[in-house]
Amino acid sequence: MGGHMMNRKSRSFLRAILSFAWREKGRRAAWRMRLAAMACLACMSLSAQAVLGPGVLAGFAGDFSSRIAAIEALGVEGGETARRVLDALEAGRLGVIGERVVIVGEEGVCDAASGEALPDVPETPVETVTVNNRVRRALANARAAFALGGEDAAARLAAAHTLGEAASPAWLPLFERALAGEKDEAVRGALVLAAARVNLSSADPAVRRQAAQDLGVSPDAAVRNLLAGLLAKSGEGTAAAWVEPDAGVREAAAASLRAIDRRIALAETAGTVFTGLSLGSILLLAALGLAITYGVMGVINMAHGELLMIGAYATFVVQGVFRQYFPEWIDAYIIAAIPVAFLAAALTGVAMERLVLRHLYGRPLESLLATWGLSLVLIQAARVTFGPQNLELANPGWMSGGLGLAAGVVLPFNRIVIVFFAALVLLLIWLTMQKTRLGMFVRAVTQNRAMAGCVGVPTARVDTLAFAIGAGVAGLGGAALSQIANVGPAMGQGYIVDAFMVVVLGGVGQLAGAVWAALGLGIVSKFLEGLAGAVIAKILVLLFIIIFIQKRPQGIFALKGRFADD
Amino acid sequence: MRTPLSLRCLQSLPRGGWIALAAFAAVAWIGVPLAHLALPEGHPLHIPAYTVSLSGKILCYMTVAVAMDLVWGVAGVLSLGHGLFFALGGYAFGMYLMRQIGRDGSYGADLPDFMVFLDWKELPWYWIGSDAFLWAAFLAMALPGAVAFVFGWFAFRSRIKGVYFSIITQALTYAAMLLFFRNETGFGGNNGFTDFKRILGFDITAPQTRAVLFALSATLLTACLMLGRYLIASRFGRVLAAIRDAESRAMFIGYDPLYYKLFIWTLSAMLCGLAGALYVPQTGIINPSEMSPANSIEIAVWVAVGGRGTLVGAALGAGIVNLTKSFFTVTLPEYWPFFLGGIFIVVTLWLPDGVAGLWRQWRARRAAVPGG
Amino acid sequence: MQSRRSFIKVCILSASIAAMGAPSGALAADTIKVGVLHSLSGTMAISETALKNTALMAIEEINASGGVLGKKLEPVVVDPASDWPLFAEKARQLIAQDKVAAVFGCWTSVSRKSVNPVFKELNGLLFYPVQYEGEELEKNVFYTGAAPNQQAIPAVEYLMSEEGGGAKRFVLLGTDYVYPRTTNKILRAFLKSKGVAEADILETYTPFGHSDYQTIIADIKKFASAGKKTAVVSTINGDSNVPFYKELGNAGLKATDVPVVAFSVGEEELRGVDTKPLVGHLASWNYFMSLKNPQNETFIGKYKAWAKKNGVPNADSVVTNDPMEATYVGLHIWKQAVEKAGSTDTDKVIAALSGQTFKSPSGFTLTMDKTNHHLHKPVFIGEVRADGQFDVVWKTKAPIRAQPWSPFIPGNESKQGL
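Protein chains in written order, with my numbering: chain W, 1 to 566; chain F, 1001 to 1372; chain Y, 2001 to 2418.
Hints were generated in silico from the structure; no laboratory data involved. Don't be surprised by glycine CBs; every beta carbon is placed ideally from N, CA and C. The reader is advised that the hints may include incorrect statements.
[Stated by the list, open to error] Below, computed lysine to any residue pairings styled on SDA-like, alpha-carbon distance capped at 20 Å:
hint : chain 1 : residue 1 : chain 2 : residue 2
1    : F       : 1197      : Y       : 2319
2    : F       : 1121      : Y       : 2189
3    : Y       : 2139      : F       : 1205
4    : Y       : 2033      : Y       : 2332
[As the list claims (entries may be wrong)] To spell it out: a stretch of chain F is covered by chain W in this simulated footprint if at least three of its residues, at any positions, have a beta carbon under 8 Å from a beta carbon of chain W; those stretches are:
hint : stretch
5    : 1161-1168
6    : 1301-1309
[Unchecked claim] Across the chosen pairs, the derived CB separations fall in these ranges:
hint : chain 1 : residue 1 : chain 2 : residue 2 : range
7    : Y       : 2069      : F       : 1335      : 32 to 40 Å
8    : Y       : 2314      : W       : 434       : 18 to 26 Å
9    : Y       : 2355      : W       : 127       : 31 to 39 Å
10   : F       : 1335      : W       : 154       : 51 to 59 Å
11   : Y       : 2314      : F       : 1042      : 44 to 52 Å
12   : F       : 1233      : W       : 434       : 47 to 55 Å
13   : Y       : 2229      : F       : 1185      : 31 to 39 Å
14   : W       : 347       : Y       : 2310      : 26 to 34 Å
15   : W       : 347       : F       : 1346      : 21 to 29 Å
16   : Y       : 2162      : W       : 127       : 21 to 29 Å
17   : W       : 552       : Y       : 2229      : 46 to 54 Å
One chain only, chain W, in its complex shape:
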């Protein structure tokens, strides 16, 4: 059984190589390669090798083209050794000493061909083999060909996608053989699509028609364009002829095209709505804290952006701690960072309130000046402590990548997480405001400070706590922002203007207003960006805000009653 597998595997590698040759070198080179590959195959059937021939690896010492040739040759060789060499190449650990190709491992340097350790070679002076995108592509295809014969269904699926995108005629036998033995439905589907893409240029109209039909389930925009190409005419005027001569194929292609177009349109609409929702959730996180602090104290907090910055820096520090002490838990750092970011920003907020803002009640406009000063100080403090550069914050593994819809529309996981996070924060704030005693006090102070004081609400303490909550929420916003944008000393400045727009548009001090305003602005921005480009969209949104405020001078949710005026 093992021998049989080996044989099948190695033959599929051969196919893989043929296709490379086809794509990369053109027909003549391909013929040469095919001969060489056949020779190799002949050798291979004689010896189930563990040691690679020295000539196979020599190419890695040459230029990129010879490196690609070497990768192709490795594909022909197949087996564990070849896989190890490719792994090392991908990880940037394949080195060259003179003519000799080596693998730089953690334990030391070993010969790539034989696997034997070379204890007398020091690690540092080894020149590692660099990879460019072309080599990387060849590498990806070679590894996909490996994986297609493997045990892991997920890997086979990925491999079928990778190879399907290349859509080269030389792959066809490989697809067909793989289909014959494939049990997994998803992989089968991908293989059928891959084969259909190739078959679309078959000489037989029946095959072409079947292929055009099969492609109807494709989610790929490239396939859509391929089918649309068939329905075009080449040439001019009366001499114009259909690209696809067979009417039956054209009909099948047109039907598939309609199906794909529907799917793409749906995915794109979903994508646009999601981008708007995502932008809205970010605006909300940036503005929610401001809505609370402004609502309670009427303080124009120009340092609000810096509270976001503090949240993001706290996240960075937590990431550093995890990298240093709990590297195995690194993917969880963001969870640990959430309370830290909240506390760091909340404590800064308390300090700001106690030391400065407390003395400015009743003089809201002066608070503008003081908080502007605070913002200058905080930015420069971050710059002096952490340096002026942006800090690197990696998405944890589970927040990297995205959920693919059709036509390349991908909803990145980090954005999905942030949408839910924003909803969660909102829920918590709402619960705090509506269901707790503190929340009730905060609402009372927001509505009528003097009266609240008269009935025994400790307004000073409520102010401090409300400010702490607002600042803490800003810190949470910072932690979320760190996952999608840059983290640097002046990062908050980029959000403060937008945050103020949201608060004002929603109606000062109105949580519900802030939510509607943030989501509305997010979706409108993204919709306009699709129509008019990012710059014009931004300008239009600003003008929209100005005009909207003319209609509702107190925001979406205006306070009603006597305290609404003066």
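Fit chains F and Y to the known structure of chain W by using the hints.
For chains F and Y alone, coordinates are given in the frame of chain W:
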């Protein structure tokens, strides 16, 4: 019987004020130009070009601060978009300065360099007439005035107040900044206008030109202060103060705040525009970053530091903040934001009425001491 | 009464303004002052602070080897705070008040445009270390960064080559301001001359500080699905690069499918990004930190030691990049020119600078052009590695001469020198 306007103007300042004014005019018109032009370099009293243009620039900022104080301090309307009017004035006059370059640009063409680069064959319509000095000077005042009038008409009519008004002025200047950043808008994109050569045919780098620009800036500031004082003291000013303190009550009495606010708002924008027009030839550049929200916030900060509602205080605030900035960016290049930020915090905490308030306090205390 | 006092105050103030500018003490005779004009606060501090550090390091190095003309160099550091008019003010102060012999500074084009008239008027000397859009040549400015033909055009040529993937369709993506607009205009003309159709070029811009690249990435994907090999040329500026690359990584746009080549992204900018998903994307520069040669090792070693000694935050992980190398080269060729001229007189130094050569950390000997004030520079194309450094995948055989006036812009044919 109504007092003639000229007499009322004269009465708006006491005798000492007129003397101080005369002294200031003498320094600006005679002292500084003489010290700059006539005295040789190295003479202890010689004023170098650096100082003249720096002071000229600060005088323009002070004018903006006074204009800002007219709307914020006097009428109680906080604008976070005054940088827009300043920049519009600067751009209007900058267009004239660009046209004055003539064929001395790096492409040697009739059109400004950036238009040659964009392959534009002729001036866009809004550049028509920009080669005439008087039109440019008019535009520097009229353009910000017109923008302010239209914006103010709608905003005040809708009774937008407080932070709502502040934030939409911020949105306005932000939108304008983004618009001016675009190359296609026809104002040189991010680079804006620079590399001016001459003004009314005079070399822009000549010491004489510089001295005249300085003197004009000083004159503008003085005129602004006078006008401001006159307005505050007039009946109009008292109505404005009433509207600031209790708008609804003023309305019940029968005043329509719209026209009062609109007038002072438009006037303030026009003064800013003039200051911008004088600022551009002295600094040699106008670009969209003047419209950034942060710049407009800074204008409000100058006024707050100096003391709101005092006009002279606002001017002082602009001077102090900018001099401090100029000084610290050289002596403490990496730490100056701490000092500047610190000053803002200290001023708000301990000097609620700004520097002008400190002065008043000090005088009040001196008056309280018997025999003082 | 009060108003009189107020007016007196104004007078006192204006007098104090006048007094402020008075020369601050006599020049010390045994030093030569050198101005460093880089933003240490505001939006540009993120990039320019490292250049200030490099300049100080190079000055220290020159002083340690005996100074210039037997005198020590004395750096005068000022902070123009990313405020363009302030750049002009500070430049005037450096030249007229502090009497510096040369100024090393500026990053953005607008800051350079702002100080140009000052240098011309006062006959100062500016060394500008950053790649820029060209279309300028000033007698008083020496450009040690790249002109478009030393960075942008080779990068696009590489993308079109077989090695670079044979791109046939291009997305020109930038921040909406002059450098990207100009570069893209030159590139568009260049692509046209190479037979790329109008429909195969997508030009798109974002506002300053844009942080939401979802729509742009979706557009790129759509554009790339047309069947031809597509590449992205990015002139996105500053902070926006982080959200752009994060989005790129998460949206699954791999370098093997759609490579992105950037002109404003180097080692320093990548410090703020997790580069693992970005492996294979490209940058085009005249220097990379990963270059292996003795000059570069010395340069990196000295900078790291300087950073540690001077308490630069995160001193263990400091990196060097192209504009830093250009600053370093600028200081050294200035020193050589002063020694050749035997004086710091601007005109003599300008004359002595032409043809000056320096063995730079790029491993090549750079020459200051005899007529156009630009360095002859080698071009490297690097691919991003997982550790935030670059692997050089292509380079020119020899330094190439700058064309500040791009031949791809009509009307520029006759202009090449001063």
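Hint by hint, here is what the structure shows:
1. For the suggested pair residue 1197/F and residue 2319/Y, the alpha carbons sit about 42 Å apart, so the restraint of at most 20 Å is broken.
2. With a C-alpha separation of about 18 Å, the suggested pairing of residue 1121/F with residue 2189/Y holds against the 20 Å cut-off.
3. For the proposed pair residue 2139/Y and residue 1205/F, the alpha carbon gap of about 17 Å is at most 20 Å, so the pair holds.
4. For a cut-off of 20 Å, the pair hint linking residue 2033/Y to residue 2332/Y stands: about 15 Å separates their Cα positions.
5. For the stretch 1161-1168 of chain F, the stated coverage by chain W holds: 6 residues have a C-beta nearer than 8 Å to a C-beta of that chain, and at least 3 were required.
6. Given a C-beta distance limit of less than 8 Å, the hint that chain W covers the stretch 1301-1309 of chain F holds, as 4 residues qualify and 3 suffice.
7. For the pair residue 2069/Y and residue 1335/F, the beta carbons lie near 33 Å from each other, so the given range of 32 to 40 Å is met.
8. Checked against the hint of 18 to 26 Å, the C-beta distance between residue 2314/Y and residue 434/W comes to roughly 44 Å, which is inconsistent with it.
9. Between residue 2355/Y and residue 127/W the C-beta distance comes to about 35 Å, which sits within the given range of 31 to 39 Å.
10. As the Cβ distance of residue 1335/F to residue 154/W is approximately 55 Å, the hint placing it in 51 to 59 Å holds.
11. Remark: the range hint 44 to 52 Å for residue 2314/Y to residue 1042/F is upheld by a beta-carbon distance near 47 Å.
12. Between residue 1233/F and residue 434/W the beta carbon distance is about 52 Å. The supplied range of 47 to 55 Å therefore holds.
13. Between residue 2229/Y and residue 1185/F the beta carbons are some 35 Å apart, a value that agrees with the proposed interval 31 to 39 Å.
14. As the Cβ distance of residue 347/W to residue 2310/Y is approximately 31 Å, the hint placing it in 26 to 34 Å holds.
15. The hinted window of 21 to 29 Å between residue 347/W and residue 1346/F holds, with their beta carbons roughly 23 Å apart.
16. Take residue 2162/Y and residue 127/W: their Cβ atoms lie about 24 Å apart, and the range 21 to 29 Å holds.
17. At roughly 51 Å, the beta-carbon separation of residue 552/W and residue 2229/Y lies within the given 46 to 54 Å, and the hint holds.
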